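Number of protein chains: 2
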Amino acid sequence: MAPRAVAGPEIERLIQLLAKLPGLGPRSARRAALALVKRREQLMEPLSAALARAVETVRVCSECGNVDSCDPCTICTDSKRDASVIVVVEDVSDLWALERAEAVNARYHVLGGTLSALDGIGPEELNIDGLVRRACDPLVTEVIIAVNATVEGQTTAHYLTDQLRDAGVAVSRLAHGVPVGGELDYLDEGTLSAAIRQRRPF
Amino acid sequence: MAPRAVAGPEIERLIQLLAKLPGLGPRSARRAALALVKRREQLMEPLSAALARAVETVRVCSECGNVDSCDPCTICTDSKRDASVIVVVEDVSDLWALERAEAVNARYHVLGGTLSALDGIGPEELNIDGLVRRACDPLVTEVIIAVNATVEGQTTAHYLTDQLRDAGVAVSRLAHGVPVGGELDYLDEGTLSAAIRQRRPF
Numbered sequence: 001m002a003p004r005a006v007a008g009p010e011i012e013r014l015i016q017l018l019a020k021l022p023g024l025g026p027r028s029a030r031r032a033a034l035a036l037v038k039r040r041e042q043l044m045e046p047l048s049a050a051l052a053r054a055v056e057t058v059r060v061c062s063e064c065g066n067v068d069s070c071d072p073c074t075i076c077t078d079s080k081r082d083a084s085v086i087v088v089v090e091d092v093s094d095l096w097a098l099e100r101a102e103a104v105n106a107r108y109h110v111l112g113g114t115l116s117a118l119d120g121i122g123p124e125e126l127n128i129d130g131l132v133r134r135a136c137d138p139l140v141t142e143v144i145i146a147v148n149a150t151v152e153g154q155t156t157a158h159y160l161t162d163q164l165r166d167a168g169v170a171v172s173r174l175a176h177g178v179p180v181g182g183e184l185d186y187l188d189e190g191t192l193s194a195a196i197r198q199r200r201p202f
Numbered sequence: 001m002a003p004r005a006v007a008g009p010e011i012e013r014l015i016q017l018l019a020k021l022p023g024l025g026p027r028s029a030r031r032a033a034l035a036l037v038k039r040r041e042q043l044m045e046p047l048s049a050a051l052a053r054a055v056e057t058v059r060v061c062s063e064c065g066n067v068d069s070c071d072p073c074t075i076c077t078d079s080k081r082d083a084s085v086i087v088v089v090e091d092v093s094d095l096w097a098l099e100r101a102e103a104v105n106a107r108y109h110v111l112g113g114t115l116s117a118l119d120g121i122g123p124e125e126l127n128i129d130g131l132v133r134r135a136c137d138p139l140v141t142e143v144i145i146a147v148n149a150t151v152e153g154q155t156t157a158h159y160l161t162d163q164l165r166d167a168g169v170a171v172s173r174l175a176h177g178v179p180v181g182g183e184l185d186y187l188d189e190g191t192l193s194a195a196i197r198q199r200r201p202f
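Protein chains in written order, with full-length UniProt numbering: chain A, 1 to 202; chain B, 1 to 202.
Source of the hints: derived by calculation from the structure; they are not laboratory data.
Treat each hint with caution, since some may be false.
Because identical chains cannot be distinguished in the list, a pair is counted as satisfied if it fits within a single copy or across any two copies.
Result set (SDA-like, lysine to any residue): computed pairs, CA atoms no more than 25 Å apart in a straight line [claimed, not checked]:
1. K80 - A106
2. K20 - E45
3. K80 - V104
4. K38 - D94
5. K80 - E183
6. K20 - P9
7. K80 - S62
None of the values given here were measured: they were computed from a predicted structure.
When you get a sec, could you build the whole thing from the sequences and use the hints?
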């Protein structure tokens with residue numbers, strides 16, 4: 001016997017789709033759907049409009065792989081940014097993190113993942129050709145590889161360094177060390193060793 | 001200086017609204033928005049359509065307070081349900097929980113909250129008049145008060161019992177006891193005492 005449908009088909013469909021969002025399971029999707037239904041004017045209608053608008057406008061930048069409502073994206077066309085530096089990230093969420101931190105005022109290049117033999121992700125699955133093409137532009141002088149400090153990230157970084165050898169750009173990577181506000185007692189050996197090795201004059 | 005806009009205005013708006021859903025904060029709303037943008041065909045477009053459809057169709061049942069795409073709702077018009085019993089719940093989520101459990105095949109009445117002097121919620125804020133009116137229907141013989149076992153829930157239950165005195169219906173409430181699958185060691189004294197007091201012959 002199929003489980004009894006608890007709410008109408010429209011609400012069930014909404015719950016089913018909300019449950020696919022990261023961070024929401026079946027139970028929290030039900031809570032979210034109920035919150036939407038209850039706050040119709042303040043939440044459901046605006047969210048519906050915002051989603052429809054996003055479906056209509058949001059696209060992937062053909063230059064850097066960022067998502068935006070224009071192509072090339074706002075960052076790629078921003079003349080106030082340093083066009084000589086490209087920051088390579090794995091994912092759009094990493095780009096957003098660097099932008100929130102206002103860590104760098106340059107352009108980005110989104111790889112779309114990392115090399116992973118286990119998951120069958122080779123160089124052709126990533127946006128690497130585009131990066132090499134952009135790095136060959138005489139305007140570009142430095143590529144900062146800002147991938148995650150994971151094994152896959154570091155493997156990808158080494159591969160990229162190889163690929164960029166003939167592009168005539170300086171290739172750099174993020175510093176390893178103690179996170180700002182971090183306590184030594186809670187840090188792993190690898191981070192502590194790196195922080196000592198790469199110590200800076202006071 | 002205002003924080004730098006990280007994504008386009010359409011995505012920022014989406015993030016801002018997703019963050020208002022229960023269970024999602026600013027960070028998980030960003031993750032959710034990114035998942036939507038990345039899974040355009042499989043997720044963003046269907047969710048947009050489902051939300052638009054829900055905005056169009058979902059309404060509150062004027063009879064019982066349930067949410068559904070028709071009024072009176074599917075449960076109120078379901079002729080296979082026992083029309084002589086009304087199960088009173090605080091919220092639609094409680095109705096859904098009872099329906100998922102297939103605990104009862106009756107009709108419901110959603111109060112919309114509990115009496116709470118602290119939050120300034122009196123009887124006129126709740127859907128109590130509607131309950132008394134429905135309970136006076138000669139077809140109805142029993143009202144099961146299925147509110148939460150909290151102080152506010154129990155206060156509300158006592159108030160409802162008073163209000164239903166002249167309606168000519170039997171008023172019952174949920175049993176207290178050991179949850180199915182529960183371990184005695186982890187239960188509070190109140191529950192254990194109730195379970196002993198209300199013990200049943202084997």
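Against the structure, the hints come out as follows:
Taking identical chains as interchangeable, the C-alpha atoms of K80 and A106 lie at most 25 Å apart only when both belong to the same chain, with a minimum of 9 Å there against 66 Å between chains. In this assembly of identical chains, the alpha carbons of K20 and E45 lie at most 25 Å apart whether taken from the same copy (20 Å) or from different copies (13 Å). Taking the shortest Cα distances, K80 and V104 sit within 25 Å of each other inside one copy (12 Å), while across copies they are farther apart (65 Å). Within a single copy, K38 and D94 get their C-alpha atoms only as close as 34 Å, which misses the 25 Å cut-off; across copies the closest is 14 Å, which meets it.
In the homo-oligomer, the alpha carbons of K80 and E183 never lie at most 25 Å apart, since the shortest distance is 37 Å inside one protomer and 64 Å across protomers. For a Cα distance limit of 25 Å, the shortest separation of K20 from P9 qualifies both inside one copy, at 17 Å, and across copies, at 24 Å. For the homomeric pair K80 and S62, the shortest alpha-carbon distance inside one copy (20 Å) is at most 25 Å, but the shortest distance between copies (58 Å) is not.
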